[in-house]
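> In case you want the letters, here they are:
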Amino acid sequence: MRKMTKGMVSALALTFGLASVAAAEDVEVLHWWTAGGEAAALNVLKEDLAKQGIGWVDMPVAGGGGEAAMTALSARVTAGDPPTAVQMLGFDITDWAEQGVLGNLDAVAGPEGWDNVIPAALQAFSKYDGHWIAAPVNVHSTNWVWISKAALDKTGLAAPTTWDELIAVLDKMKENGITPLAHGGQPWQDATVFDSLVLAQGTDFYKAAFIDLDPEALGGEKMAAAFDQLLKLRSYVDDNFSGRDWNLASAMVINGEAGMQVMGDWAKGEFLKAGQKPGEGFICIRFPGTQGAVTFNADQFAMFNVKGEEKVKAQLAMASAIESPSFQSAFNVVKGSVPARTDVPDTDFDDCGKKGIKDLAEANTNGTLFGSMAHGYGAPAAVKNATYDVITAAFNGEYTDGASAAAALKDAVAAAQ
Amino acid sequence: MASASEADFRTRLQDWLPKLVLAPSVAVTLFFVYGFILFTVVLSFTSSKMLPSWDFIGFSNYVRLFSLPHWHVALKNIAIFATLYIVICTAIGLMLAIFLDQKIRGEGVLRPIYLYPMALSFIVTGTAWKWFLDPGIGLENVMQQWGWESFSFTWIKSNTMAIYTIVIAAVWQSSGFVMAMFLAGLRGIDNEILKAAQIDGASNWQLYRRIVIPLLRPAFLSAFVILAHLAIKSYDLVIALTGGGPGRATEMPATFMYSYTFTRKEMGVGASSAVIMLMTIAAIMIPYLYSELKEKKE
Numbered sequence: 001m002r003k004m005t006k007g008m009v010s011a012l013a014l015t016f017g018l019a020s021v022a023a024a025e026d027v028e029v030l031h032w033w034t035a036g037g038e039a040a041a042l043n044v045l046k047e048d049l050a051k052q053g054i055g056w057v058d059m060p061v062a063g064g065g066g067e068a069a070m071t072a073l074s075a076r077v078t079a080g081d082p083p084t085a086v087q088m089l090g091f092d093i094t095d096w097a098e099q100g101v102l103g104n105l106d107a108v109a110g111p112e113g114w115d116n117v118i119p120a121a122l123q124a125f126s127k128y129d130g131h132w133i134a135a136p137v138n139v140h141s142t143n144w145v146w147i148s149k150a151a152l153d154k155t156g157l158a159a160p161t162t163w164d165e166l167i168a169v170l171d172k173m174k175e176n177g178i179t180p181l182a183h184g185g186q187p188w189q190d191a192t193v194f195d196s197l198v199l200a201q202g203t204d205f206y207k208a209a210f211i212d213l214d215p216e217a218l219g220g221e222k223m224a225a226a227f228d229q230l231l232k233l234r235s236y237v238d239d240n241f242s243g244r245d246w247n248l249a250s251a252m253v254i255n256g257e258a259g260m261q262v263m264g265d266w267a268k269g270e271f272l273k274a275g276q277k278p279g280e281g282f283i284c285i286r287f288p289g290t291q292g293a294v295t296f297n298a299d300q301f302a303m304f305n306v307k308g309e310e311k312v313k314a315q316l317a318m319a320s321a322i323e324s325p326s327f328q329s330a331f332n333v334v335k336g337s338v339p340a341r342t343d344v345p346d347t348d349f350d351d352c353g354k355k356g357i358k359d360l361a362e363a364n365t366n367g368t369l370f371g372s373m374a375h376g377y378g379a380p381a382a383v384k385n386a387t388y389d390v391i392t393a394a395f396n397g398e399y400t401d402g403a404s405a406a407a408a409l410k411d412a413v414a415a416a417q
Numbered sequence: 418m419a420s421a422s423e424a425d426f427r428t429r430l431q432d433w434l435p436k437l438v439l440a441p442s443v444a445v446t447l448f449f450v451y452g453f454i455l456f457t458v459v460l461s462f463t464s465s466k467m468l469p470s471w472d473f474i475g476f477s478n479y480v481r482l483f484s485l486p487h488w489h490v491a492l493k494n495i496a497i498f499a500t501l502y503i504v505i506c507t508a509i510g511l512m513l514a515i516f517l518d519q520k521i522r523g524e525g526v527l528r529p530i531y532l533y534p535m536a537l538s539f540i541v542t543g544t545a546w547k548w549f550l551d552p553g554i555g556l557e558n559v560m561q562q563w564g565w566e567s568f569s570f571t572w573i574k575s576n577t578m579a580i581y582t583i584v585i586a587a588v589w590q591s592s593g594f595v596m597a598m599f600l601a602g603l604r605g606i607d608n609e610i611l612k613a614a615q616i617d618g619a620s621n622w623q624l625y626r627r628i629v630i631p632l633l634r635p636a637f638l639s640a641f642v643i644l645a646h647l648a649i650k651s652y653d654l655v656i657a658l659t660g661g662g663p664g665r666a667t668e669m670p671a672t673f674m675y676s677y678t679f680t681r682k683e684m685g686v687g688a689s690s691a692v693i694m695l696m697t698i699a700a701i702m703i704p705y706l707y708s709e710l711k712e713k714k715e
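These protein sequences, in sequence, are chains Z and Y. If you read the first sequence in my numbering, its first letter stands for residue 1, the second for the next number, and so on. If you read the second sequence in my numbering, its first letter stands for residue 418, the second for the next number, and so on.
Note that these hints are calculated values from the structure, not bench results. Some hints here could point you the wrong way.
So the derived list for chain Y, only partly shown, Cβ under 10 Å to chain Z, looks like this [what the hints assert, rightly or not]:
#1 K466
#2 L468
#3 F641
#4 A645
#5 A666
#6 F679
We treat Cβ as the ideally placed atom computed from N, Cα and C, and that holds for glycine.
Make the full structure from the sequences, and use the hints.
This is the structure we're talking about:
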């Protein structure tokens, strides 16, 4: 009996001891990677940190696009207790940096030479006032189309490279009795498709409209044409699309219920998880008319000002682990995106990944790498959501033609600025 | 005269003071309810974006609020929703209460059956009805599998009809509760009056039309107030059932307030919409409270 008590006490002491050590070197990470492929990718980082003895306190807030996660974050920061690292996109990072609540990663960024290997278009967001505040994890590009190989073969047509070819394929798929376009009717998904349509109108036009927010471009003829194309695409979507999550739309393509999905490359993770291989089960192409240009959406871990030396150390270790080329490769192979560093070898990547890496490098040198409006890399949240309102209204049939939608877009963006 | 009322006031204060001091809930309520109401009102006059700021800009948030088409959609939706919700709930609740009041057998079983939906949260109601109304997996699919091929019920996916699916789900949830209120009211009616009316030769219809329903006035008033404030603050049901969609077709003031305050980083505009909502509720509640308090004095 006494022995047992002694054993229990020492076990208890051991537990407490371990717990306090772990607490000192835990990183608390707020993210919205809860879908299967995403969760698997995140596990890579968890394991890397575990090897260094750093614990991981998971704080997942579900909801693609991270709207709910950002709300949770506001509450935590307002309460003065920010998490160590927060998955964040684009202007959200800049917004938080302006509040002066982000940490400083220069201690690892400098020696590791992040300045030379991370594309400049990304650095614009990962740095504030010349200091590194966030560690980019990956670069997603949003102008992809994921096509079921079986469905495409059945049409007897080649993978489309122009708008007209795309329509021909979609028509044929409709004849074959499947839903041509798998789509989820959530504002951010509507906007993701629209990103590609605007980019297909020309890279200069995309920059003028969605980066520079030029009213003439926003309300002009090309925007009207892009909206007309969006209305056309609407006719290839099944009646039951509204509210569907993006991964369910991917599943429709995987199951052969639908022909293709216009979605960022995070969709690839769903295909891989279902056991399909690029070129065999599915085909990845750039949205017709956008080859050579990339609209990106990079997941970054913004690092908050944490208190305590141990915590800062754990935070820096996490930042360093994120930017290590081996992690960049391992993570992005699973996640479906491409590394945020340009010096990572593409040997482990599948064909879609290799194409993504090549396209990114090409767009980076040609100056055709742009932030995605739909994912908060084009303009701040107020403007982004104003464009969502118009795009989603157009997709749900509120405007009779593209010209009136373009006019509404111009007004909405002007009002939100 | 003056000193008498002062003494009066002092004794009353002495009566009340211990209770006030001993009630932390008073302090908590003052701070968390009225304090935050004040905070929101103040915020609505500032240029707050992501986090609160103290840069006052007058009424421009309100001007911007009423220039947003989005807000007008929300107002139109709340008008449709609140009207139908209150009217249908009251009608169904009254009908159920009258039927249950016919001294039928098994009332004890039936009453909880109607009342139980109220025990669910709106999130559960919304999710269940979302699946039930979904054309791909719900009612339409089942009907078609049973052989009624032409059956079609796609309101939840339609821009113009989706708001009515919210009414359906909300009515399902709340009418049992309204029934319980009316049932209590019916049980409170003096049987003598009814007997007297019957002796005078009143028909059943006349009995209800002229005597019972007028006597239920307080129950109507409480039902109205409870349903009205539930309607105005409806958020969870919308989020669970349609997520504000298709598109933004079922946006309500409460979902509007949340999205502007938190996801769109226009806290000032969000706060001003909250103030408008508060004023709407106040416009309904204050006359009610006023009349209630007046009655008690008499």
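> For each hint, tell me whether it holds in the structure or not.
Outcome of the hint check:
no. : hint : result
1   : K466 : holds (8 Å)
2   : L468 : holds (6 Å)
3   : F641 : violated (32 Å)
4   : A645 : violated (28 Å)
5   : A666 : holds (7 Å)
6   : F679 : holds (4 Å)
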